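Take a look at the letters that make up each chain.
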Amino acid sequence: MARLHEYQAKALLREHGFETPAGRAVGTPAEAEAAARDIAGPVVVKIQAWTTGRKAMGGVVFCDTPEQTRDAAENLLAMRVGAFPVEMVLVEQQLDIALELFVSLAIDDAARAPVLLLGLSGGSGVEERAKQVHRLACDVEIGPDDAELSRVLAGSPIDASLNGELSRSVRAVFETAKAFEARSLEINPLVTTKDGRVLAADCRMTIDDYAVFRHPELGIDIARELDHPPTHLERVAYDAEQADHRGTFYFAQLNVASDPKEAQAPARAPQARDHPLVGFHGAGGGGSMMSMDAITHEGFTIANFTDTSGNPSAAKVYRAARIILEQPGLVGYFGSGSGVASQEQFWSAYGLAKAFWELELNIPALIRLGGNAEDRAVEILESSCKELPATVEGYRKDDTPKQIAARFAELVAQSKGGAWTPRTPTLPGFVGSDAAFSFPITGGRVWIDTQQWDGIAPIAAEFAPGLLEDKGGAPALAVGEEDVAGKDSELIACEVECRRAGVPGLFVQLDIPGLNAEGAR
Amino acid sequence: MAILIDDKKKVLVQGITGREGQARARLMLGYGTNVVAGCTPGKGGQEVLGVPVYDKVSEAVEAHDGIDVSVVLVPARFVKGAAVEAIEAGVKLLVLVPDRVPVWDAMAIAKAAKQHGAQFVGPNTLGVISAGKGVVGMIGGRAESAKAWFKPGNVGVISRSGGMSSSTAYYLGKAGIGTSTVCHIGGDSVLGVRIPDAALMFQDDADTDAIVLFGEIGGSMEEDLAALMRAGRVTKPVVAYIGGKAAKEGTRFSHAGAIIEGGKGTHEGKVKALTEAGATVVPSFGDLPEATKAVLG
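Top to bottom, those sequences are chains U and F. Under the working numbering, the first residue of the first sequence is numbered 24, with each subsequent residue one higher. Under the working numbering, the first residue of the second sequence is numbered 116, with each subsequent residue one higher.
Any given hint could turn out to be false.
[To be verified] Below, a list of computed lysine-lysine pairs in the DSSO-like style, where the Cα atoms sit at most 27 Å apart:
#1 K266/F <-> K125/F
#2 K124/F <-> K229/F
#3 K201/U <-> K226/F
#4 K201/U <-> K229/F
#5 K408/F <-> K425/U
#6 K425/U <-> K266/F
#7 K226/F <-> K425/U
#8 K425/U <-> K125/F
#9 K125/F <-> K289/F
#10 K510/U <-> K158/F
Calculated from the structure, these hints are not laboratory results. As the structure is a computational prediction, the values presented were derived from the model and not from experiment.
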């Protein structure tokens with residue numbers, strides 16, 4: 024879930040009429056000092072970080088003067104929370120608090136509707152406030168029922184003169200959540216002041232990942248929950264996913280090899296240091312989880328979680344494999360999903376075979392391709408990788424993750440733990456040559472060596488029917504460029520089949536923007 | 116009997132002229148599902164795989180004297196519009212296959228369904244298959260695979276994972292246990308048919324003698340099923356596997372929510388709730404067939 028910082032969520036709340044303390048978010052000590060001067064009174068300075076317990080970690084500081092505020096901001100902006108450096112602090116007016124309450128909106132999966140939770144007992148501390156919680160069911164379009172909200176407020180110990188303002192504030196929570204398609208929006212505490220105001224003192228908000236595309240104004244660049252700032256490869260993978268909606272591609276780095284250049288990436292858990300890293304490529308969430316358990320059980324550490332499923336294109340599986348193999352230090356590549364996949368598994372086999380060939384893979388790769396057309400998938404993968412230095416094996420639905428993981432451990436032991444070094448992919452000589460026949464496709468370009476066309480033509484006719492034709496002994500497009508643009512899977516199949524047939528004269532060059540960017544390695 | 120789908124129900128495919136729509140229509144027709152119509156705005160009058168295509172769902176409903184089930188295979192952002200159209204046209208069961216449907220759209224679909232007395236499976240479902248009778252969605256992928264993998268029998272399967280719904284039924288079949296219906300309820304947080312709903316349908320189904328559940332961490336559906344069992348509303352034996360035990364470390368609950376909801380959503384909480392309600396919860400996925408055999412006696 025895409026999370027917003029407190030100051031971002033507060034700005035959205037204000038738009039919908041929920042008052043927040045005077046103040047602003049700043050990124051430098053000088054700006055913090057200026058913000059405190061504008062407030063002209065005691066302030067609180069809070070780190071903007073996705074965490075709970077900011078107070079306990081020293082992330083909240085109360086200041087009486089602008090000079091104190093500057094010093095506090097300097098210290099806070101040097102903090103790190105987990106893997107995230109603190110980049111902003113929020114400078115706000117201190118409040119003269121009468122009561123601490125809370126209100127939060129959540130999605131109630133049983134009701135299939137939003138629900139508002141109101142903690143109105145006024146105790147201090149989350150536990151105290153949670154003691155007496157009212158659940159207020161909401162209509163997805165209309166929000167809470169006004170009469171019910173009034174009844175709940177009337178029954179609370181809060182001064183009745185505040186009920187009008189409280190009611191407006193609770194409604195603002197619903198309207199803000201609805202407008203930005205929040206999965207959760209929590210105001211904790213919501214405070215009343217001795218001078219009779221109702222304000223959001225703190226605020227946490229998450230946006231539905233699947234709706235982020237409808238809210239570009241929120242500036243969410245990577246709509247995924249990660250416990251670290253997105254790594255370079257996670258950004259590359261996210262962009263690749265956004266560019267191709269055929270099937271699902273998810274990539275998250277869990278552990279990385281020790282490398283000072285990768286300071287931004289998630290560190291390896293200390294207990295994992297002695298356990299070699301494995302590139303993991305799953306298919307489907309449930310099966311991936313079981314397969315990762317199996318490989319972890321053999322004493323390996325998962326470098327990355329990757330899932331290509333839901334009938335992905337060969338190009339998507341290829342890009343996933345290339346991104347996985349951009350991680351240094353892997354001792355092997357393990358692919359496994361549910362084992363009984365509805366998708367046609369040979370598309371995945373083609374994508375993997377292409378990536379492994381281009382990179383001249385030299386670490387063991389074991390791929391469970393169980394499901395539709397599994398025999399063909401295994402045959403394609405194994406036969407097209409047989410010239411590689413690596414052992415590449417395909418498995419079917421009757422092979423369990425446990426057995427395959429044990430075999431994987433055996434192969435890694437035989438290869439004496441040689442670790443992977445990311446490399447530049449091999450390009451055939453005719454790529455870029457003036458003599459080659461070439462045409463663009465979505466996200467790339469196809470190259471055909473005209474010298475080998477005689478051998479390629481029958482393979483193209485079988486694996487990419489209707490796309491290419493012979494014009495006087497040379498290749499030509501049989502359809503318009505727009506009709507061939509989305510046929511990348513078929514053309515990748517052709518490329519691999521041509522190589523298997525000993526006529527390696529067709530190549531699909533696929534872009535992965537940012538993958539080999541300067542300094543990425 | 117089976118639940119949700121059989122060989123008689125009249126099925127509409129929304130988005131039938133698209134790549135996914137055509138591929139899934141081919142599977143459903145090949146398996147024997149009674150697919151009578153397709154719907155794509157602007158493509159009315161065409162035929163896909165011999166199935167007539169209409170511009171509007173209401174036209175298909177009229178031409179075929181009612182539609183029982185609509186399978187929605189349009190891009191995620193159009194699912195809400197397509198689903199609400201079908202609900203308003205009087206279709207009482209929808210199967211929402213696409214992944215990435217925004218959750219506020221899913222809740223809007225739920226509201227429309229409630230108003231019209233309709234149900235929906237999904238979003239993000241692989242579909243539902245009643246072995247030997249019919250399939251809706253994409254479960255099995257191809258008709259010949261679906262026929263080979265799913266053996267007719269007396270066990271109802273409910274799964275939160277798409278791939279694992281096929282795996283569960285396949286490994287049960289290998290152990291000689293057939294299924295009445297396999298229902299992938301979907302991977303999203305707001306679902307039309309939830310685990311307890313599907314369990315109640317299996318409870319009422321004369322062809323089902325036991326329920327096998329592939330559950331996962333998060334949410335409260337497994338606990339809700341346990342509550343139904345304790346209340347005596349689900350009395351057929353339940354055999355369950357709960358995935359995600361190892362994943363619990365990274366799972367976060369919002370602070371106040373974690374306090375209010377108590378132990379709901381965790382692996383231990385789900386295993387405990389189901390076990391105490393009388394379900395057989397197996398520690399390893401591979402144990403499901405043996406445990407199922409044991410409860411069937």
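For which of the previously enumerated hints does the structure constitute a violation, in increasing order of number?
-> Per hint list: 7, 8, 9 violated.
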